[in-house]
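Read off the chains here:
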Amino acid sequence: MPQTAKKRGLARYAFPYALVSPTIVLLTGFLIFPLLALFYYGFHETAIDGGIEFVGFKSFVDLFSESRFRLDILNTVIYLCGNLAISIPLGYITAILVSSGFRLAGLMRTTFIIPWVMAPVVSALLVRTLLNPTDGPIIALFTWIYGEPVYPTLTAGGSMAVIVLHSAWRSFPLIMLLLAASMTSISREVYEAARLDGAGRWQQFWYITLPLTKAALFSSMLAISVFTIHDAEGVFAVTRGGPGNATETVAVRLFKEAFVSFNIGQAATLGVVLVVLSILIIAIQVLVFGRRGQGE
Amino acid sequence: MKANTLVLGAVGLGMIFILIAFPLYWSVRTSLVEPGTAGFFPEAITFKNYQFLFTAGKFWNNIRNSILVSTGSLALGLPVALAAGYAIARFSFPGKGASTILLFLPLLPAIAVLIPLILFVRALGLYNTLWPVILANTIFTLPFAIWMIRGFILAIPFEIEEAGRVDGASPLKVLLLIVVPLAAPGLVSVGMFMWITSWNNYLFSFAFTVSPDLQIVPAAILGFISAWGVNYGGLNAAAVLASLPPLILFLAFQKLFIQGMLAGSIK
Amino acid sequence: MTNALKSSSVGLSVGAGARVTRRAALAGVALGALLAAVPMVQAQDGGVIKWMEIYSISSDQTAQANNEWVGKVIDQFEAENPGWTVEQESSTWDQVDQRSILDFNAGVAHDVMMSSPQLMAKHNATGDFYDMGPLIAKWSADEQNDLSWSAGYKAGQFGDKVISVPLGVHVRGNVYNRDMFTAAGIDPDRPFTTLDELVAASEKLLAHNPDVWPLSLFMGNSRATIETTYAPLVWQFGGDFYDPTTGKATVASEPSVKAVEWLYDAVHTWKITPPYSYASDADYGNLAYDIFTRGEAAQTVGFGSYWVAGLESQGMVKGCFPATPECTVGSANIMIQPGGKGEQFANSWNLSINSLSEHPEIAFKLVEVALRPENLATFPDAGLPARLSAWDKPEYRSAFWQTWLEAAKKGRSMPATPYYIELADAMAAAIQEALAGDRANIPALLTQVEADWNGKYAGK
Chain A
66 MPQTAKKRGL ARYAFPYALV SPTIVLLTGF LIFPLLALFY YGFHETAIDG GIEFVGFKSF
126 VDLFSESRFR LDILNTVIYL CGNLAISIPL GYITAILVSS GFRLAGLMRT TFIIPWVMAP
186 VVSALLVRTL LNPTDGPIIA LFTWIYGEPV YPTLTAGGSM AVIVLHSAWR SFPLIMLLLA
246 ASMTSISREV YEAARLDGAG RWQQFWYITL PLTKAALFSS MLAISVFTIH DAEGVFAVTR
306 GGPGNATETV AVRLFKEAFV SFNIGQAATL GVVLVVLSIL IIAIQVLVFG RRGQGE
Chain B
30 MKANTLVLGA VGLGMIFILI AFPLYWSVRT SLVEPGTAGF FPEAITFKNY QFLFTAGKFW
90 NNIRNSILVS TGSLALGLPV ALAAGYAIAR FSFPGKGAST ILLFLPLLPA IAVLIPLILF
150 VRALGLYNTL WPVILANTIF TLPFAIWMIR GFILAIPFEI EEAGRVDGAS PLKVLLLIVV
210 PLAAPGLVSV GMFMWITSWN NYLFSFAFTV SPDLQIVPAA ILGFISAWGV NYGGLNAAAV
270 LASLPPLILF LAFQKLFIQG MLAGSIK
Chain C
29 MTNALKSSSV GLSVGAGARV TRRAALAGVA LGALLAAVPM VQAQDGGVIK WMEIYSISSD
89 QTAQANNEWV GKVIDQFEAE NPGWTVEQES STWDQVDQRS ILDFNAGVAH DVMMSSPQLM
149 AKHNATGDFY DMGPLIAKWS ADEQNDLSWS AGYKAGQFGD KVISVPLGVH VRGNVYNRDM
209 FTAAGIDPDR PFTTLDELVA ASEKLLAHNP DVWPLSLFMG NSRATIETTY APLVWQFGGD
269 FYDPTTGKAT VASEPSVKAV EWLYDAVHTW KITPPYSYAS DADYGNLAYD IFTRGEAAQT
329 VGFGSYWVAG LESQGMVKGC FPATPECTVG SANIMIQPGG KGEQFANSWN LSINSLSEHP
389 EIAFKLVEVA LRPENLATFP DAGLPARLSA WDKPEYRSAF WQTWLEAAKK GRSMPATPYY
449 IELADAMAAA IQEALAGDRA NIPALLTQVE ADWNGKYAGK
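Here the protein sequences line up with chains A, B and C, keeping their order. Heads up: the first sequence at position 189 corresponds to 254 in my numbering, and the numbers run straight through without jumps. Heads up: the second sequence at position 100 corresponds to 129 in my numbering, and the numbers run straight through without jumps. Heads up: the third sequence at position 273 corresponds to 301 in my numbering, and the numbers run straight through without jumps.
It is worth saying that the hints were derived from the structure and are not from the lab. Every value quoted in this text rests on a predicted model; they were computed, and no experiment measured them. All C-beta atoms in this analysis are idealised placements derived from N, C-alpha and C, irrespective of residue type, glycine included. Check before you lean on any hint, since a few could be wrong.
Stated by the list, open to error - Only pairs whose alpha carbons sit at most 30 Å apart, straight line, appear in this in silico DSS-like list of lysine-lysine:
| hint | chain 1 | residue 1 | chain 2 | residue 2 |
| --- | --- | --- | --- | --- |
| 1 | B | Lys-125 | A | Lys-279 |
| 2 | C | Lys-232 | C | Lys-488 |
| 3 | C | Lys-189 | C | Lys-438 |
| 4 | C | Lys-100 | B | Lys-87 |
| 5 | C | Lys-369 | C | Lys-438 |
| 6 | C | Lys-346 | B | Lys-77 |
| 7 | C | Lys-276 | C | Lys-438 |
| 8 | C | Lys-421 | C | Lys-437 |
| 9 | C | Lys-189 | C | Lys-393 |
| 10 | C | Lys-100 | C | Lys-182 |
| 11 | C | Lys-437 | C | Lys-346 |
| 12 | C | Lys-100 | B | Lys-77 |
| 13 | C | Lys-276 | C | Lys-369 |
| 14 | C | Lys-286 | C | Lys-488 |
| 15 | C | Lys-276 | A | Lys-123 |
| 16 | C | Lys-182 | C | Lys-232 |
| 17 | C | Lys-100 | C | Lys-393 |
| 18 | C | Lys-232 | C | Lys-286 |
| 19 | C | Lys-438 | C | Lys-166 |
| 20 | C | Lys-437 | A | Lys-123 |
| 21 | C | Lys-437 | C | Lys-286 |
| 22 | C | Lys-421 | C | Lys-346 |
| 23 | B | Lys-202 | A | Lys-279 |
| 24 | A | Lys-123 | C | Lys-484 |
Stated by the list, open to error - Derived list of chain B stretches under chain C, where covered just means 3 residues or more per stretch with a C-beta under 8 Å from a C-beta of chain C:
| hint | region |
| --- | --- |
| 25 | 147-161 |
| 26 | 240-254 |
Bound conformation, chain A alone:
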């Protein structure tokens, strides 16, 4: 009697298990080994000729006592927050434009996708071309405004502004896309009712659009945050982390250790840090945004 009840009990979950199993199989199958390897390398020191030695937390302690690394963390936070501060409002504005249903919306929707579609290295080189000291249009613009040439990439602050703007430019299309998709499911009657009640456009936005698109905003923010924290190419191809180390984020540092100096051990240590950082950022966002209602 208990046996059949148990069988029926677990069998009850057959459908959701079936739905989730491909994901589980793919993720664990492909990534368990690399994940274990990451932690293995993080806790061992790899000599250049291949010799391996267990060192416990030493590589992490060494890393955190570096002033350069603390700067890397700070730069990562600034890079992320700067991006979100620009791409979220921009995402909303363009989403509203694009889902408002007037004739040019289709054209706008397609054009606004372009920054995201461009390969990071291409948009990075585009930025460098625009900022070229001799014939870059943006430098020409600054020269026209200020009377003498101004080179943003000469200073730490200017370089950071450049990479933040570049990142936001690349990020907002995804936010726009998801927000617009979410906005299309808000029926017009809700807006009509609010308008009849005397709500202005701003209030309509604040009290209707914002709350009802919260889920889409949250998931796009999550994706953008993780991509931004992991984004090495987009920064490296523009400033290489310079001037000095002023725009070096943890991802750029990892990229340099893995692809420029090829230090396996150091790369693994930074990799672990990056994973922890990503989890932290996600946790913070989950706490701040709360969780939307459950289905059942």
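Here the structure of chain A is known, so what remains is to put chains B and C in place on it, guided by the hints.
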């Protein structure tokens, strides 16, 4: 109402120009002139950058490989993500928490574990083929796709699915015949996300393939950066062409997007 | 042959002892078959050799020309070695060394690979390249001397071990605009012999025409800064930034401090160098080449021998690329960087053999085909000839090319430490910081860089 549309239009156009049209114009302009030509509207236009891509450049090969990879990871990833996203949104089951945590696995920066990944791929006998590139792209975009789909499904009122079940439809039919059409705009967005992320990804192709005929579009673009400098004309020509397939795809699927808008108003 | 050996070994085992069990006989047969098989494996008449090059990945016109050259070498090798085919493998130029080390660690085998001299110490420490020394020792003395003079060759030498051979020579010099010199009252045919002369002339140029930068050089956040700008200056001040006998960085030494202070002065004190030369997005090609050909700079430092083609196409030199005996300088000429012994950074594209290769000796045959004088002479990316004998040809007899040869002979490689990249990157970042800050802070800044690097890598 009319004045508002005008304002909207003006703001829209202004933004299009500043944000996208100008850098895009600059890219197209650079691809159509001799390297080193200055000036906003150069007179001497040449198509030789493009010509070279397709004659000796064999760029078609790169495009073909990229399409295979992107479409492959979409075809594999979207159904898997839909299934998992639906399960997490609508069901509670033992181990749900654990499977949600598994979604964190691809937070792993692939760069840091390239060597074990290559070892793993070699062990599977898939080194120097496009399969591991497709797999890796799928797996690393899966968590976000699942989370996004979960969000879209949560936005659909549960009553509709309930009604379907009451009518006698199996859970699978409810998913495929009721949920999917309602979530279409969301699915299109997530699909675009997966396709485009794979399209621009260079890391996995770098790690798992070495043959010249398996190279993808980002590799061809990087090829214009040589030790002695950058061939901006060629690079921008390749970049302009590289942007076209995703845009065309997006245009083709816009219908589903609009369909979603109309479906929304039926409620 | 197999059968004879087999039966003879069976004969041996039978004759060796009175009582031979069936098992022993079978063992003897197996051993005989194995011994017979071994010479067959060594004299295998077929297989695949892989060649990892940096050209097939690109659709660029120059890359295509180089790719055709690779194809030509492959055709020759395949014709001379029936049964052997060559498979090309693609890499970008800045990934090919990483690729070798990465794949070596992952157990993926390659055969012939292109490689960079600056990373030879790292390759040597990792062990991912095969020692071609014994095979090279079989060449005639003339053959060996023809190639072993250049910095690119020496970089791959570790005692008797040779892990790479150069396909050409890339060296840098100071290119200057003769017309601008003449207009400012400087003799265009008398090269500077000291750095002070260079500075004085630059100030004269600035006074004469403030719209043209007298001296352009690259100080971006990459190791090109160290290679083309900083290292030669340190050498010219009589020192080095790494001491091979102690294995320690010496970036805080007096010559190094003087070099960085000189760079600071060039931008901020004498104002002869554009300020954007140390911007984070500074572009090497722009600051060492474009700016000169556009007439916006009178001299650039670190002008590469691989850019002479550009000077020719701009009409600034005539008959010099491709090299002819009638090569004459027009508005452009080069001089060896004045000061010290006039040493400049020289490198090359090298060929190496992966140590996981299953057929290293066959792979070496492919390398030898590539190194033939007639092939090296037509390799577009070679730069200057790798073979000393090629320099005797009439087309290199002109004063212009003889200056380049002198520069090549004075060419030096980067320090032979496996952690060269870390040192170069740290110094490049430090130079940017130095130029953006106070001149008085430079010694302290460099002391910090030296302590940091030595703390981690000294003596390794």
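Hint check:
1. Distance hint between Lys-125 (chain B) and Lys-279 (chain A) is fulfilled; the C-alpha atoms sit about 23 Å from each other, no more than 30 Å.
2. For the given pair, Lys-232 (chain C) sits about 47 Å from Lys-488 (chain C) by alpha-carbon distance, which is inconsistent with the 30 Å threshold.
3. At most 30 Å may separate the alpha-carbon atoms for a hinted pair to count; Lys-189 (chain C) and Lys-438 (chain C) meet this at roughly 23 Å.
4. For the given pair, Lys-100 (chain C) sits about 19 Å from Lys-87 (chain B) by alpha-carbon distance, which is consistent with the 30 Å threshold.
5. Among the hinted pairs, Lys-369 (chain C) with Lys-438 (chain C) is consistent with the structure: their alpha-carbon atoms are about 8 Å apart, no more than 30 Å.
6. With a C-alpha separation of about 26 Å, the suggested pair Lys-346 (chain C) and Lys-77 (chain B) falls inside the 30 Å cut-off, and the hint holds.
7. For the suggested pair Lys-276 (chain C) and Lys-438 (chain C), the alpha carbons sit about 24 Å apart, so the restraint of at most 30 Å is met.
8. The straight-line distance between the Cα atoms of Lys-421 (chain C) and Lys-437 (chain C) is roughly 17 Å, inside the 30 Å bound, and the hint therefore holds.
9. A hinted pair counts as satisfied when its Cα atoms are at most 30 Å apart, and Lys-189 (chain C) with Lys-393 (chain C) qualifies at roughly 18 Å.
10. Between Lys-100 (chain C) and Lys-182 (chain C), the direct Cα distance comes to roughly 27 Å. Compliance with the 30 Å bound is thereby established for this hinted pair.
11. With a C-alpha separation of about 24 Å, the suggested pairing of Lys-437 (chain C) with Lys-346 (chain C) holds against the 30 Å cut-off.
12. Taken as a hint, the Lys-100 (chain C) and Lys-77 (chain B) pair is honoured in the structure, with Cα atoms around 25 Å apart against an allowance of 30 Å.
13. A C-alpha spacing of about 23 Å is found between Lys-276 (chain C) and Lys-369 (chain C), which places the hinted pair at or below 30 Å, so the restraint holds.
14. A threshold of 30 Å between alpha carbons decides the hint, and for Lys-286 (chain C) with Lys-488 (chain C) the separation of about 27 Å falls inside it, so the pair holds.
15. Restraint check for Lys-276 (chain C) and Lys-123 (chain A): satisfied, since their Cα atoms lie roughly 23 Å apart, inside the 30 Å limit.
16. For the suggested pair Lys-182 (chain C) and Lys-232 (chain C), the alpha carbons sit about 40 Å apart, so the restraint of at most 30 Å is broken.
17. As the CA atoms of Lys-100 (chain C) and Lys-393 (chain C) are separated by approximately 15 Å, the hinted pair is consistent with the 30 Å bound.
18. At roughly 23 Å between alpha-carbon atoms, Lys-232 (chain C) and Lys-286 (chain C) fall within 30 Å of each other, so this suggested pair holds.
19. Proposed proximity of Lys-438 (chain C) and Lys-166 (chain C) is supported: the alpha carbons are some 28 Å apart, at most 30 Å.
20. Between Lys-437 (chain C) and Lys-123 (chain A) the alpha-carbon distance is near 46 Å, which puts this suggested pair outside the 30 Å criterion.
21. A C-alpha spacing of about 25 Å is found between Lys-437 (chain C) and Lys-286 (chain C), which places the hinted pair at or below 30 Å, so the restraint holds.
22. Among the hinted pairs, Lys-421 (chain C) with Lys-346 (chain C) is consistent with the structure: their alpha-carbon atoms are about 18 Å apart, no more than 30 Å.
23. Only pairs whose Cα atoms come within 30 Å are accepted, and Lys-202 (chain B) paired with Lys-279 (chain A) is accepted, the gap being roughly 29 Å.
24. A threshold of 30 Å between alpha carbons decides the hint, and for Lys-123 (chain A) with Lys-484 (chain C) the separation of about 13 Å falls inside it, so the pair holds.
25. Figure legend: the region 147-161 of chain B, annotated as covered by chain C; annotation consistent (4 residues with Cβ-Cβ distances under 8 Å, at least 3 required).
26. With 9 residues carrying a beta carbon less than 8 Å from a beta carbon of chain C, the region 240-254 of chain B meets the three-residue requirement, and the given coverage holds.
In this structure, the hints that do not hold are numbers 2, 16, 20, in rising order.
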